[in-house]
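Residue numbers (the working numbering), protein chains in the order written: chain A, 1 to 306; chain B, 1 to 306.
I should point out that these hints are in silico values taken from the structure, not numbers from a laboratory.
Do not rely on the hints blindly, as some may be mistaken.
[Claimed, not checked] Chain A regions said to be covered by chain B (calculated; three or more residues, Cβ under 8 Å):
hint, region
1, 31-40
2, 161-170
3, 175-187
4, 203-212
5, 284-297
The beta-carbon is built from N, C-alpha and C at its ideal position, and this holds for glycine as well.
Number of protein chains: 2
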Amino acid sequence: MRILRKTCLLGACALLAAGAGAAADKELPPKPSVADIVKASRAGDWRPLDPDNTLYMETAAGRVVIEMAPAFAPNHVRNIKALARAHYFDGLAILRVQDNFVVQWGDPNEDNDKARKVEGAHKTVKAEFTVPLKSAGPFTRLPDRDGYAPESGFANGFPAGRDPKTGEAWLAHCYGMVGVGRDTDADSGGGTALYAVIGPARHLDRNITVVGRVVAGMPQLAALPRGPAPMGFYDKPEMNVPVIAVKVAADVPPNERSRLEVMRTDGAAFQSVLDAQRDRGGPWTKVAMHHVDLCAVQVPVREQQP
Amino acid sequence: MRILRKTCLLGACALLAAGAGAAADKELPPKPSVADIVKASRAGDWRPLDPDNTLYMETAAGRVVIEMAPAFAPNHVRNIKALARAHYFDGLAILRVQDNFVVQWGDPNEDNDKARKVEGAHKTVKAEFTVPLKSAGPFTRLPDRDGYAPESGFANGFPAGRDPKTGEAWLAHCYGMVGVGRDTDADSGGGTALYAVIGPARHLDRNITVVGRVVAGMPQLAALPRGPAPMGFYDKPEMNVPVIAVKVAADVPPNERSRLEVMRTDGAAFQSVLDAQRDRGGPWTKVAMHHVDLCAVQVPVREQQP
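When you get a sec, could you build the whole thing from the sequences and use the hints?
Printed below as a string of structure tokens:
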């Protein structure tokens with residue numbers, strides 16, 4: 001009882017409990033879970049993070065690792081790296097947590113005369129809301145319905161939409177995706193204010209520049225207190241969560257780097273992961289969905305294997 | 001600058017900033033936001049919570065208000081009310097927070113000899129994963145695509161799916177929905193272990209009994225620390241978040257009740273809310289989505305107006 005109750009609740013133990021069901025004839029057949037697929041995967045199913053396109057945001061809540069997507073926002077990624085290397089973010093803060101929407105960080109003083117100066121980088125960069133299809137690189141298309149894009153799938157690990165008619169591709173606002181805050185003008189962002197998605201936000205797709213994805217640290221960001229002011233802003237300076245430093249991983253000594261690898265989204269192992277999330281096996285699951293939403297897909301990330 | 005940066009970020013200030021844009025010819029026309037629609041709504045667009053089908057869960061993190069859905073799970077709702085009235089939950093705990101999935105509460109000792117006894121209620125209740133279409137009551141169908149259900153929409157404020165072919169309706173696992181933990185056997189739950197959804201979980205639809213929705217208190221639940229054990233369980237008793245008491249609102253003196261009202265989902269105001277979330281107006285928004293996911297729809301809840 002204990003094992004079932006504590007480890008099988010909500011469908012995560014299909015194989016573990018296989019054979020335990022009394023009504024096996026009514027059950028879905030067992031099938032490998034994502035954990036099983038990860039366990040059976042080979043080295044070639046994974047890729048390391050590129051240190052030159054990875055950020056470490058050291059916060060009072062721990063390290064947040066962001067994989068950047070230069071294929072989708074080359075100029076913003078270049079600018080954010082320049083900001084990081086100029087220590088723009090060091091000493092700033094997480095200043096907004098809007099429940100079921102976004103966590104945002106930047107300069108608490110940006111609108112007053114103590115505003116951090118932007119040096120060695122640009123304050124604004126021309127919008128990169130979409131890119132030409134061929135710039136986005138190889139695309140693993142999902143057969144599943146998507147209401148927000150004519151086609152959706154994964155481009156080098158990032159959830160993305162595409163429109164063959166317009167010839168555009170764009171990153172999708174799924175959980176953990178990182179975007180560039182802006183004002184009303186499309187070209188008014190540059191990376192000095194960034195946010196990570198913690199709820200349904202795909203109405204922002206093609207309306208804002210998305211620069212990457214948090215691959216480690218979301219549990220800490222998502223558990224921060226929600227801000228009491230409108231739109232989830234913290235209303236007292238002491239609520240702000242310090243951002244100690246943001247660094248490009250390549251600038252960090254190798255022994256201080258997070259050694260993570262991400263499952264390749266262009267291979268067979270990922271197809272199995274998609275299938276495992278689209279149609280779960282029994283005996284816990286009684287009805288298979290035959291569907292997985294783009295933003296419900298979890299791309300596996302793990303410590304690099306020795 | 002401050003107003004735009006602080007109040008308009010991520011598209012929530014369309015009307016406020018109207019006329020401020022330099023490139024008005026390229027902007028989407030402004031249109032009412034959800035806040036505008038709420039402000040312009042009439043008393044008849046709202047309904048109060050029914051005290052007999054509302055639970056107050058008093059926790060160390062504050063009060064959580066749960067509206068129950070007897071149309072979808074009559075026997076579980078009856079049983080959970082009986083459990084609450086027998087003080088079953090008082091002194092138990094929130095014992096699991098799995099990032100981007102669920103927050104769960106129940107008896108930390110359920111698997112040992114200190115387990116809380118179930119008195120005046122049933123330990124298990126036959127599964128209520130779906131109900132006949134006509135039992136679900138009036139349905140406001142969304143025209144938007146849904147990958148998890150042939151038809152989706154709202155039934156008396158609750159997100160729901162339907163299948164005309166099988167004649168079934170069911171509650172959908174959107175943010176804040178409350179479900180009944182169970183073991184492998186479909187009939188093994190009864191309401192002693194409950195969870196609230198904090199991430200993509202629609203693969204649980206029709207696989208578990210859903211009993212209602214948190215209408216106040218999600219920001220506190222969703223900000224609880226994630227559990228370090230597998231599936232997000234807390235691994236030390238001191239991590240558990242005390243559940244002080246769970247009461248049926250009707251049993252609470254009127255002056256201690258939360259006076260909330262929910263926008264009716266069968267009226268014109270809600271259609272405007274849907275439209276405002278499906279196609280946002282300019283000038284912040286540059287591209288309208290022509291779509292809103294079932295679980296991206298926010299049904300307005302507010303303090304009862306005097």
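Results of checking the hints against the structure:
Here the region 31-40 of chain A counts 0 residues with a CB under 8 Å from a CB of chain B, which misses the bar of 3, and the coverage is violated. Check result for the region 161-170 of chain A against chain B: violated, 0 residues qualifying (beta carbon to beta carbon below 8 Å, three or more required). Beta-carbon proximity to chain B at under 8 Å applies to 7 residues in the region 175-187 of chain A; the threshold of 3 is reached and the given coverage holds. Coverage of the region 203-212 of chain A by chain B holds in this model, with 6 residues showing a Cβ closer than 8 Å to a Cβ of that chain against a need of three.
Counting residues of the region 284-297 of chain A whose beta-carbon sits less than 8 Å from any beta-carbon of chain B gives 10, enough to reach three: the coverage restraint holds.
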